[in-house]
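Engineer: Sequence:
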Amino acid sequence: MSSASKALTFLLTALTVTLCLAAPTAEAKEVLTFEPESTEITFQLGATGHDVEGTLYLREGELVLDPESGEAAGRLVLDALRTETGNGSRDKTMHKKVLESDRHPLITFDAESFEGALDAGGESEIQLHGVVRLLGQPHAVTLPTRITVDGDRFQGSTSFPVPYVQWGLHDPSLFVLRVAKEVQVDVAAQGSAAHVSEQP
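Quick note on numbering: our numbering labels position 70 of the sequence shown as 70, and the sequence is numbered without any gaps.
FYI, nobody ran anything at the bench for these hints, they're computed from the structure.
Do not rely on the hints blindly, as some may be mistaken.
[Said to hold, decoys possible] Calculated lysine-lysine pairs in the DSBU-like style (CA-CA distance at most 30 Å, straight line):
id: 1; residue 1: 181; residue 2: 92
id: 2; residue 1: 96; residue 2: 181
id: 3; residue 1: 181; residue 2: 97
Remember, it's a predicted structure, so these values are computed and weren't measured experimentally.
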């Protein structure tokens, strides 16, 4: 091989390497698809004499988490009409006066961003920021969230207070029955996980 050919080969190789290094890498995002039948959402409300416990039901949900940017997207949709505490009379009052579920049948959470390191093959603890829409009104929240990814499956959990009276919902307290102004919500979720790369 002549000196000119060697020089040309060297230049082409160097150019190829440079272009490969300069090219933007594909971004990998974690897509978590919730299974409603495997997701449990409960709430607890302190009251005079005893606490009120109830169940919320997930209709559908998906989260998309970008570990590079900390951006999050996706929505969780809860069926407000199915919310129950196990007491028919109390549930009727809750739906009519507190949740107003006939006019607002859905409760939603829209993810916006998160803080913390996300492990696509293990356990992570993050702060998930987003907006809860209740009675049609948006409320910014931060959810301390634990996520464990195992292959194509995930488990997730969070626990957080909802200041429902502050958010404008009806206070069901009576003269002889006092209830807390916050309700504690606990979520234990399961579903499928996918590690998705997007080409630039």
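Engineer: Could you tell me which of the hints above the structure violates, numbers in ascending order?
Structural biologist: The structure breaks none of the hints.
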